[in-house]
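Participant: Listed here are the chains, written in short residue letters.
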Amino acid sequence: MSEPISALNHTSYEGIAKVEECGLQGMITLRGDLSDKVLAKAVKDATGQKVPGQREVLVSGDTGVCWMSTDELLILVPYAEVGAKLAAMTNALSGIHALAVNVSDARAVFRITGPCAREVLGKVAPVDLSSEAFQPGQIRRSRLAQVAGAFWMDDAETFRVVCFRSAADYVFKLLKAAAQSGSEVGVY
Amino acid sequence: MLILNCPYCGVDAEETELAAGGEAHLKRYGPGSSDDEFHDYLFMRENPKGVHFERWRHVNGCGKWFHAARCTQTLEVFGTYSAQTTEPPQKIKDAITTKRPGWSWRELS
Chain A
1 MSEPISALNH TSYEGIAKVE ECGLQGMITL RGDLSDKVLA KAVKDATGQK VPGQREVLVS
61 GDTGVCWMST DELLILVPYA EVGAKLAAMT NALSGIHALA VNVSDARAVF RITGPCAREV
121 LGKVAPVDLS SEAFQPGQIR RSRLAQVAGA FWMDDAETFR VVCFRSAADY VFKLLKAAAQ
181 SGSEVGVY
Chain B
189 MLILNCPYCG VDAEETELAA GGEAHLKRYG PGSSDDEFHD YLFMRENPKG VHFERWRHVN
249 GCGKWFHAAR CTQTLEVFGT YSAQTTEPPQ KIKDAITTKR PGWSWRELS
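Taken in sequence, the protein lines are chains A and B.
For the first sequence, position 120 matches number 120 in the working numbering, and the numbering has no gaps at all.
For the working numbering, count along the second sequence from 1 and bump the result up by 188.
Hint data in this document are derived by calculation from the structure and do not stem from the laboratory.
Treat the hints with care, as some may be off.
To be verified - Chain B regions said to be covered by chain A (calculated; three or more residues, Cβ under 8 angstroms):
1) 202-215
2) 262-269
3) 275-283
Said to hold, decoys possible - SDA-like cross-link-like pairs, simulated, lysine to any residue; straight-line CA separation at most 20 angstroms:
4) 252/B <-> 155/A
5) 252/B <-> 143/A
6) 252/B <-> 69/A
7) 123/A <-> 200/B
8) 50/A <-> 191/B
9) 252/B <-> 138/A
10) 123/A <-> 252/B
11) 176/A <-> 189/B
12) 281/B <-> 31/A
13) 252/B <-> 32/A
14) 252/B <-> 56/A
15) 123/A <-> 199/B
16) 237/B <-> 35/A
17) 287/B <-> 126/A
18) 252/B <-> 148/A
19) 252/B <-> 91/A
20) 237/B <-> 72/A
21) 237/B <-> 143/A
22) 123/A <-> 203/B
23) 237/B <-> 138/A
24) 252/B <-> 72/A
25) 279/B <-> 69/A
26) 123/A <-> 290/B
27) 123/A <-> 259/B
28) 287/B <-> 91/A
29) 279/B <-> 138/A
Claimed, not checked - In silico negatives: residues of chain B with every beta carbon more than 12 angstroms from chain A:
30) 223
31) 224
32) 232
33) 246
34) 292
35) 294
All C-beta atoms, glycine included, are put in the ideal place defined by N, C-alpha and C.
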């Protein structure tokens, strides 16, 4: 079996903020009725977290759960465990109308770190990223210039950005350009 | 720039995050309908100067379809509401009546 490698293999860039590709991240898309107790238990068993409320993320490190829409969650698990977690989840969900799919290799994850992290992302997404409007614990699905992407904050100066793997190179170059040295705007 | 509040994820999404889905509340005429009904369903659309009801999709976001009531003349948005309905909720109609007394749109008023 060949060794899996993430889209950009930990490429990084340091300008007004540090942009790095996070490497492999296990991800499971879960669709179903989010108020279902069976589904809630499956989420709890996989991540130790409850089902998040609207636009809420409950993530620590590479494990957690993100609210994607009214009937969709993104489950984050360590890459090596995704097969086992998915099997357990599929088994747990067999009795209800729900679907869990491994999308780990369809995605790329970036981390933006630094005091200007809000600015870097603010340049490429049509989202109010002021600290009054966007805080750790919230997720926002939006677009990053021309491609779809989602992001949340791990702490006050760290964003994690998820996009399609096919767009990883584009997103990295985009964030790199937005993080160029000397390009602070000073809005946030 | 149009800003619509997505009723599913609660985000105030601007136009570039959304995809327009054409006129809202069309009644589908399929097999068994008359040619005239089918023709009207396929081709006849409202093009009002004023109050209009549209379908939008939060495509760069939660991906859900929803309805919006807005004014095509001023871009004023009267409200957005769930896609799981065949006509606008009373709250939306009341909001329009407050701003545009005497409005009408197809059979609604």
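Participant: Hint by hint, note whether the structure agrees.
Facilitator: Okay, the hints, checked on the actual structure:
Look at the region 202-215 of chain B against chain A: 3 of its residues bring a Cβ nearer than 8 angstroms to a Cβ of that chain, three or more, so the hint holds. Counting residues of the region 262-269 of chain B whose C-beta lies closer than 8 angstroms to any C-beta of chain A gives 0; at least three are required, and the coverage claim is violated. Only residues whose C-beta sits within less than 8 angstroms of a C-beta in chain A count toward coverage, and the region 275-283 of chain B has 0 of them, not enough to reach three; the restraint is violated. Between the alpha carbons of residue 252/B and residue 155/A the distance comes to roughly 29 angstroms, so the proposed pair goes past 20 angstroms and is violated.
Between residue 252/B and residue 143/A the alpha-carbon distance is near 15 angstroms, which keeps this suggested pair within the 20 angstroms criterion. Pair hint residue 252/B plus residue 69/A holds up; C-alpha atoms about 8 angstroms apart against a cutoff of 20 angstroms. Distance check on the hinted pair: residue 123/A and residue 200/B sit about 18 angstroms apart at the alpha-carbon level, within 20 angstroms; holds. For the hint pairing residue 50/A with residue 191/B, the CA-to-CA distance comes to about 32 angstroms; that exceeds 20 angstroms, so the pair is violated.
Restraint check for residue 252/B and residue 138/A: the C-alpha separation of about 19 angstroms stays at or below 20 angstroms, so the hint holds. Taken as a hint, the residue 123/A and residue 252/B pair is broken in the structure, with Cα atoms around 25 angstroms apart against an allowance of 20 angstroms. In summary, the hint linking residue 176/A to residue 189/B is not supported, as the alpha carbons are separated by about 28 angstroms, beyond the 20 angstroms threshold. At roughly 33 angstroms between alpha-carbon atoms, residue 281/B and residue 31/A are farther apart than 20 angstroms, so this suggested pair is violated.
At roughly 14 angstroms between alpha-carbon atoms, residue 252/B and residue 32/A fall within 20 angstroms of each other, so this suggested pair holds. Between residue 252/B and residue 56/A, the direct Cα distance comes to roughly 17 angstroms. Compliance with the 20 angstroms bound is thereby established for this hinted pair. Straight-line distance between C-alpha atoms of residue 123/A and residue 199/B comes to about 19 angstroms, which keeps the hinted pair within the 20 angstroms bound. Distance hint between residue 237/B and residue 35/A is unfulfilled; the C-alpha atoms sit about 42 angstroms from each other, more than 20 angstroms.
For the hint linking residue 287/B to residue 126/A, the alpha-carbon distance of about 29 angstroms lies beyond 20 angstroms, and the restraint is violated. Taking the CA atoms of residue 252/B and residue 148/A, the gap is about 14 angstroms. The hint holds against a cut of 20 angstroms. The hinted pair formed by residue 252/B and residue 91/A fails the criterion: a straight-line CA distance of about 28 angstroms is larger than 20 angstroms. Only pairs whose Cα atoms come within 20 angstroms are accepted, and residue 237/B paired with residue 72/A is rejected, the gap being roughly 38 angstroms.
Our distance criterion of 20 angstroms between C-alpha atoms is broken by residue 237/B and residue 143/A, whose separation comes to about 31 angstroms. Between residue 123/A and residue 203/B the alpha-carbon distance is near 17 angstroms, which keeps this suggested pair within the 20 angstroms criterion. A C-alpha spacing of about 39 angstroms is found between residue 237/B and residue 138/A, which places the hinted pair above 20 angstroms, so the restraint is violated. For the hint pairing residue 252/B with residue 72/A, the CA-to-CA distance comes to about 11 angstroms; that is within 20 angstroms, so the pair holds.
Among the hinted pairs, residue 279/B with residue 69/A is inconsistent with the structure: their alpha-carbon atoms are about 24 angstroms apart, more than 20 angstroms. Taking the CA atoms of residue 123/A and residue 290/B, the gap is near 43 angstroms; set against the 20 angstroms cutoff, the hint is violated. Proximity of residue 123/A to residue 259/B is assessed by CA-CA distance (about 30 angstroms); at most 20 angstroms being required, the pair is judged violated. A distance of roughly 54 angstroms separates the Cα atoms of residue 287/B and residue 91/A; the hinted pair therefore is violated under the 20 angstroms criterion.
Distance restraint check for residue 279/B and residue 138/A: the Cα-Cα separation of roughly 29 angstroms exceeds the 20 angstroms cut-off, and the hinted pair is therefore not satisfied. The beta carbon of residue 223/B is kept farther than 12 angstroms from every beta carbon of chain A, the shortest such distance being approximately 39 angstroms. For residue 224/B, the requirement that its beta carbon stay farther than 12 angstroms from each beta carbon of chain A is met, with the minimum near 39 angstroms. No beta-carbon of chain A is positioned within 12 angstroms of the beta-carbon of residue 232/B; the least distance is around 33 angstroms.
A beta-carbon of chain A is positioned within 12 angstroms of the beta-carbon of residue 246/B; the least distance is around 9 angstroms. Chain A leaves residue 292/B outside its interface by the beta-carbon criterion, the shortest separation being 33 angstroms against a cut-off of 12 angstroms. Distance to chain A confirms residue 294/B as a non-interface residue, since its nearest Cβ pair spans about 29 angstroms, more than 12 angstroms.
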